[in-house]
Amino acid sequence: MGRRILITGLASFWGGRLAWGFEQDPSIEVIVGMDTDDPVVALERTEFVRTDDSYSTLARLVRATQVDTVVHAGLVVNSAVVPDRRLHEKNVIGTINLLAALGAEDSRVTSLVVKSSALVYGAAQEDPTWFREESRRTSAARTRVERSLVEVEGYLRSFAEEFANIKVAVLRCANVLGEDLVTLFSKALMMPMIPTIAGFDPQLQFVEQVDIVRAIEFAVSRQLEGVYNVAGDGRLPWSEIRAIAGHPPLLLSPLGTSMSAAALARLGVIKLPPEALNLLKYGRGIDNRKLKSVGFDYRYTTAGAVRHFVEGQRLRRVVGETEPSYRYQGDVESFFRHSPAIVRER
Amino acid sequence: MRQIYGPIYHRWFRADWEGLEKIPQNGGALLVANHAGAIPADAPVIMHGIEEELGRPVYGLADYLFRSLPVIGTAWARGGGVPAHPDNAYRLLREQQQLALVFPEGTKGTGKVFSERYQLRRFGRGGFVEIAMRAGVPVVPITVVGSEEAMPIVAKSSRLAKIIGVPYVPITANMLLLGPLGLLGYFPAKFKLRVLDPVTFDVPPDQDRYPRSRVFEGAESIRQEMQKNLYDMLRKRRSVWFG
Chain A
1 MGRRILITGL ASFWGGRLAW GFEQDPSIEV IVGMDTDDPV VALERTEFVR TDDSYSTLAR
61 LVRATQVDTV VHAGLVVNSA VVPDRRLHEK NVIGTINLLA ALGAEDSRVT SLVVKSSALV
121 YGAAQEDPTW FREESRRTSA ARTRVERSLV EVEGYLRSFA EEFANIKVAV LRCANVLGED
181 LVTLFSKALM MPMIPTIAGF DPQLQFVEQV DIVRAIEFAV SRQLEGVYNV AGDGRLPWSE
241 IRAIAGHPPL LLSPLGTSMS AAALARLGVI KLPPEALNLL KYGRGIDNRK LKSVGFDYRY
301 TTAGAVRHFV EGQRLRRVVG ETEPSYRYQG DVESFFRHSP AIVRER
Chain B
1 MRQIYGPIYH RWFRADWEGL EKIPQNGGAL LVANHAGAIP ADAPVIMHGI EEELGRPVYG
61 LADYLFRSLP VIGTAWARGG GVPAHPDNAY RLLREQQQLA LVFPEGTKGT GKVFSERYQL
121 RRFGRGGFVE IAMRAGVPVV PITVVGSEEA MPIVAKSSRL AKIIGVPYVP ITANMLLLGP
181 LGLLGYFPAK FKLRVLDPVT FDVPPDQDRY PRSRVFEGAE SIRQEMQKNL YDMLRKRRSV
241 WFG
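Going down the list, the protein sequences come from chains A and B.
The C-terminal residue of the first sequence carries number 346 in the numbering used here, and the numbering is unbroken.
The C-terminal residue of the second sequence carries number 243 in the numbering used here, and the numbering is unbroken.
In case anyone wonders, no lab produced these hints; they're calculated from the structure.
No experiment lies behind these values; they were computed from the predicted model shown.
Here are the simulated DMTMM-like pairs of lysine to aspartate or glutamate, each with C-alpha atoms no more than 20 Å apart in a straight line:
| no. | chain 1 | residue 1 | chain 2 | residue 2 |
| --- | --- | --- | --- | --- |
| 1 | B | K192 | B | E21 |
| 2 | B | K162 | A | E126 |
| 3 | A | K290 | B | E95 |
| 4 | A | K292 | B | E95 |
| 5 | B | K108 | B | E225 |
| 6 | B | K192 | B | E18 |
| 7 | B | K22 | B | D197 |
| 8 | A | K290 | B | D87 |
| 9 | B | K22 | B | D232 |
| 10 | A | K167 | A | E105 |
| 11 | B | K108 | A | E126 |
| 12 | B | K162 | B | D63 |
| 13 | A | K290 | A | E153 |
| 14 | B | K190 | B | E18 |
| 15 | B | K192 | B | D232 |
| 16 | A | K187 | A | E240 |
| 17 | B | K228 | B | E116 |
| 18 | A | K290 | B | D206 |
Looking from chain B toward chain A, a few residues come up when the C-beta cut is under 7 Å (computed):
| no. | residue |
| --- | --- |
| 19 | Y64 |
| 20 | R67 |
| 21 | S68 |
| 22 | P70 |
| 23 | V71 |
| 24 | T74 |
| 25 | H85 |
| 26 | D87 |
| 27 | N88 |
Cβ coordinates follow ideal geometry from the N, Cα and C atoms, glycine included.
All chains, please: the whole structure from these sequences, using the hints.
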């Protein structure tokens, strides 16, 4: 019998992209996706179930579909796009409901993969240059999205302790850049002038969208257990990232930064939440060696991800909206992997 | 950074080294030095000096307070400064086998007033010894003479410091002479630096914890050795400005 997978947050970029990948895999028998909104990609054999913000129907769903693997890709990490109340509902209450459903007596789930964020480490002046998975954050989480993610990871830890038969993998992803994805930093880099806090040149780390999808697929197929950082190799100073993007800085005052950020938000230029301002001051690095040591290889370094993103933007400026590149690549890859037309050695 | 600082190192402070050969040519080592001056000049002198004389980079581990200051924090990071966090120190010393520099006195050393010059303060909680033990590298003590006179503190305001949230707000002799420019202008004191014998600890690396007593003992004996050498260097110094 093949694997039966449930994806939360199917309408998110990650959910859609993962479902796509799983559909190509014949060893995966059933794919069920849930979200509050319609999926944005055309899916062939994925079943879509609409839920409310806090996934209250999940227990019934898990029981009825008898899934063995759950991918929790619905955590909100960009607080600029979701109102505070909804963020708490989705992240904290959603996860509690999910865990309750997985821990029910008749659940057959053996593996849970959660896409979390490096936001759980925060960004502060006391930070080490590189956070390892076991490093603790140096100051208490103050912003709402960070607090909710720290809380979620706490629940996941105690769940993993309680249910030793369920393998829980938590992937803490660095800031993402990708052609098909709008994030806070991709927005900032596309602005004609890039927001910069005067006098600070933080070292930032990025990861390409493909590498995150591949990391989640890797965690599902290997049934990983434990916490893993997901980030491209190396860090880049913000000034260098600006130079690669080719835009001048838009200087924000180092004192009362949140006030100048509020002015920008009011003007409708860009909304920079407090966790982004901390990042623009102190930067953050997470150590990606643990995931590498279990056999994962990244396609892009931090610099590679930035360059790839900027090149994609240049192309878009010339030819307009391009066909999402992943559809094309997915076809080609599945052709090479599964087509009988390919002559295989051995 | 190196090009800008070169002339200051040679012409202004005219740094003189003694015992440079005691710094290992390869492998990690933790350099510890005495710390003085309102805006300490000793860190860049040591870092630049070793880089120039031995061709090895030195990473200065400093109070993270630096990072919250605009411009200064960025300049510090560009010049090879690293926030002092045990993880960072371990990575530099053990995994990358580099030279790292710490000032165990911390801000207690730089916040001294002029009358207390060349009196070593307490060496924190001896954390630097524990770091060297865990990383399995020797500690190389360095004593510096001259930094106290480059920017002496005449008085300090603890109330103002509390308001701004910094360890001390100094009034330096430089400020009295040059006004606010005194924050940038050092007096041309002659810098003399002496490298002492490396100290190794007979313990296995990578342990979770080390006996407190050994850590304190190690830190205290290094402190005494450095104090002894400082007095010796001061005995031999004829002039603050010419050495």
